Amino acid sequence: MVSVTVPELTAAARFGKGAFDTNCASCHGVNAAGQDGIAPPLVHKIYEPNHHGDVSFWRAAKTGVRAHHWPFGDMPPVEAVTDEDLAAIVLYIRELQRANGIN
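Residues 295 to 397 in the numbering used here are what the sequence shown lists, from first letter to last.
Don't read these hints as lab results, they were simulated from the structure.
There's no promise every hint is true.
[As the list claims (entries may be wrong)] Each pair of labels, with its calculated beta carbon distance range:
id, residue 1, residue 2, range
1, Ala306, Ala374, 16 to 24 Å
2, Asp348, Ala305, 16 to 24 Å
3, Gly347, Ala306, 27 to 35 Å
Because the structure is a prediction, the values reported are computed rather than measured.
Here a beta-carbon is modelled for each residue, glycine too, at the ideal position from N, C-alpha and C.
Go ahead and model the full structure; you've got the sequences and the hints to work with.
In structure tokens:
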């Protein structure tokens, strides 16, 4: 859905990319670019830290979230994601966002 510039990732973010690819990419797309009709891009100004803090990503993955910005429907919880995975996934998403001008 969006074009994402991928920076050279830190080691922790590379771990996060692996966890993202396993737990999130099937819906949110490669490099969190989103997928038409399935799930929104996470590399988008809506998800900047001032609007959606890190806890928003945790809450969405752990408990699911009702649709409120996009017409994709509600997001169910991600059953298999661990706390370690989530910490790394959020770091990965934030590194992608910064590389794409979202601070």
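Q. Going through the earlier hints one by one, which of them does the structure break, listed in rising order?
A. 3
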